[in-house]
Amino acid sequence: MSAKTTTAKKASAKKAAAEKAHPMEGLLRMDRIPHIWCPTCGIGTTVSCFISALQQIETPLEKVCVVSGIGCTGRVAGYIKLDSFHTTHGRAVPFATGLKLANPELKVVVFSGDGDLIAIGGNHFIHAARRNVDITVICVNNFNYAMTGGQVAPTTPLTAKTSTSPYGCYEQPFNIPYLAECCGAVYVARWTALHIRRQTKSMIEALNKPGFSVVEVITPCSTLYARRNKLGDGLNLMKFYHESAEIRHGADTRDLDITFQEKIICGKFVDRERPTCLEALEARHDKVLGDKYVKYGGVREDD
Amino acid sequence: MKADPQGVLTGAHYLDGDHACCEGALAAGCRFVAGYPITPSTEVVERFAARIPLVGGIFIQMEDELASSIAILGAAWAGAKAMTVTSGPGLSLMMEHVGLAAMLETPCVFVDVQRGGPSTGLPTLPGQADMMQARWGSHGDYEIIALSPNSPQECFDLMINAFNLSEQYRVPVFFMMDECVGHMTEKVVIPEADEIEIYPRRFSAKPPSEYLPFESTEDLVPDIVKAGDGYRFHVTGLTHDEQGYPVMSAQCQEGLVRRLVDKIRKNADEIVLYKELDIKDAEVLVLSYGISQRVSLRGIEMAKKKGIKTGLFRPVIVWPFPEKRLKQLAKKVKAIVVVEMNYGQIYYEVERLVGSAVNVVLVPHGGGTVHDPEDICDAIVGAVK
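For the protein sequence lines, the chains are A and B, in the order given.
For the first sequence, the residue numbers in my numbering are 13 to 315.
For the second sequence, the residue numbers in my numbering are 359 to 743.
What the hints contain is simulated information worked out from the structure, not anything from laboratory work.
Hints may contain errors.
As the list claims (entries may be wrong) - For lysine-lysine, the following DSSO-like pairs were computed, each having C-alpha atoms within a straight-line distance of at most 30 Å:
{"#": "1", "chain 1": "B", "residue 1": "K564", "chain 2": "B", "residue 2": "K545"}
{"#": "2", "chain 1": "B", "residue 1": "K564", "chain 2": "B", "residue 2": "K633"}
{"#": "3", "chain 1": "B", "residue 1": "K667", "chain 2": "B", "residue 2": "K624"}
{"#": "4", "chain 1": "B", "residue 1": "K624", "chain 2": "B", "residue 2": "K664"}
{"#": "5", "chain 1": "A", "residue 1": "K307", "chain 2": "B", "residue 2": "K689"}
{"#": "6", "chain 1": "A", "residue 1": "K93", "chain 2": "B", "residue 2": "K564"}
{"#": "7", "chain 1": "B", "residue 1": "K545", "chain 2": "A", "residue 2": "K304"}
{"#": "8", "chain 1": "B", "residue 1": "K664", "chain 2": "B", "residue 2": "K685"}
{"#": "9", "chain 1": "A", "residue 1": "K275", "chain 2": "A", "residue 2": "K242"}
{"#": "10", "chain 1": "B", "residue 1": "K692", "chain 2": "B", "residue 2": "K682"}
{"#": "11", "chain 1": "B", "residue 1": "K690", "chain 2": "B", "residue 2": "K633"}
{"#": "12", "chain 1": "A", "residue 1": "K75", "chain 2": "B", "residue 2": "K564"}
{"#": "13", "chain 1": "B", "residue 1": "K667", "chain 2": "B", "residue 2": "K743"}
{"#": "14", "chain 1": "A", "residue 1": "K221", "chain 2": "A", "residue 2": "K299"}
{"#": "15", "chain 1": "B", "residue 1": "K743", "chain 2": "A", "residue 2": "K304"}
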């Protein structure tokens, strides 16, 4: 084969590849790619799983909304090609609450990080769980505040080093599945960024579950958390997940504490029924007001 | 368009300002309220909680004011007309989302029934010291609109304006009541629904492929869409381009923030609303708003008895400030006496505008009760001495 033919073939293959759409293109804002996440960051993997889940649910995609707070994971809303809202730090959940209650037809997903959801947004998280607002929360937990340079978070394992815990974290971290279950979440699962299929399946289940559902995904932050704790690169972290993740469906959420570089228990822990916030509201008003009750179905087209 | 009759309680009523404010919101088409209890504003949400299941809409008591102030933004993006209600300490917490509402150009209304501050201050007693917070409270540059009612009737009437302005200009609108106006009970006449003019949401008619969420249009206010209609739009609190995508550049900042500011400043002549009394031959002009304006009437009466021709100028819409009209009036009078329940907020605005042309005098008051009309009279007399 002549050099010329090879070059032509290569060029044509390249052209074909360029013309072939990315399988997730319809749900990604391709005009915003490349994204801002670091190489080996787990957020991209989680986004891929989420898109894959979206492609497998029956809800029309124009009715799905993504709401994010602030931080590395807060940027997710900006890359997913749906009605998407990049809000304020910690407040994605109450924004989502307003969005959902004002238009119950929408399927509302909060996609944010551990600091955003559990520290500054902790109060909103527990109250949305208590009310059983019909939203899905995907919590990317990378054990630190990565966007601002790797500070200690309410999820940082004891003894782990961060820029603001230079001698090691000494505060007990939150166990997110336990917190979610205690406060009333109807669906709670945890996976690592390594668990692609299982993570996707949990997202599908969570999306299909009426009520407050939570999927926690433990993700690597090799730029900050792993570097400061000398845990190696992205591949080392994946190996660590492979070795230390233990699947235990239905485990008691009290036993799910994450300790530094020890076992990470994964699985689906909670899947139960409880009236959603709106169902409870409507049932109550219906019972007390009877015919006088005017049910709200969101904004009509003729309004 | 005309008001939805479902929300209009047509007839003559005996209501306090808080209840009238709630009825005004319902008549204006507000169908979503998120609130958190705080004196002296709670009656607004109490009434809304009782009324809304009969009208069709949502009330939710959130876990705090941070949540309330962003839940309304979520509801607005779902297409609903939405408001939250609070008093000073709550307003301080809401500032985060005043900024977000300004940045996302989200129509919404913030009701502030003012009490004495700072901090917890005087929970059950009046103040007017949040006027500058309403204008500048959140970080960064933006413009808002703020109204100041002085009676229960106006709490009803001006709520319609508040919602209409928020829709027309896509800005957070502040409804700056005070404890006296909130808790005084007077006759309130609510008209028929077809007598109430409603500014509908400016939903875009463009198809998704042509729609730009933050397009710089001639009137500087882009058309909006709502979630769930297939536009697949993105909004962010980051500095963004016309498409709504974040762009971290001085150029993009200039384009966006300049428009956020200009859409109010350049339309100020259309927006301003004020009332005047006896200004024709006035040598002194009293400038006041809210409950202080009503107290000022007594002070003016007393000054007139002492032979001083005194007029009244009242900004009904306080922000944007009626600059042009004030400058005209300042040429005609010897002094302007500003009566407000704080130690100088609107006073400094007046001084900035006309301080070089006319003597501007403040009658300060820390709040807790209204001014003594004697003090207002003395200031009027003193101003022309």
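We went through each hint and held it up to the structure:
no. : hint            : in the structure
1   : B:K564 / B:K545 : 45 Å, violated
2   : B:K564 / B:K633 : 40 Å, violated
3   : B:K667 / B:K624 : 35 Å, violated
4   : B:K624 / B:K664 : 42 Å, violated
5   : A:K307 / B:K689 : 57 Å, violated
6   : A:K93 / B:K564  : 18 Å, holds
7   : B:K545 / A:K304 : 27 Å, holds
8   : B:K664 / B:K685 : 27 Å, holds
9   : A:K275 / A:K242 : 18 Å, holds
10  : B:K692 / B:K682 : 18 Å, holds
11  : B:K690 / B:K633 : 17 Å, holds
12  : A:K75 / B:K564  : 19 Å, holds
13  : B:K667 / B:K743 : 13 Å, holds
14  : A:K221 / A:K299 : 25 Å, holds
15  : B:K743 / A:K304 : 64 Å, violated
Of the numbered hints stated above, those contradicted by the structure are hints 1, 2, 3, 4, 5 and 15, listed in ascending order.
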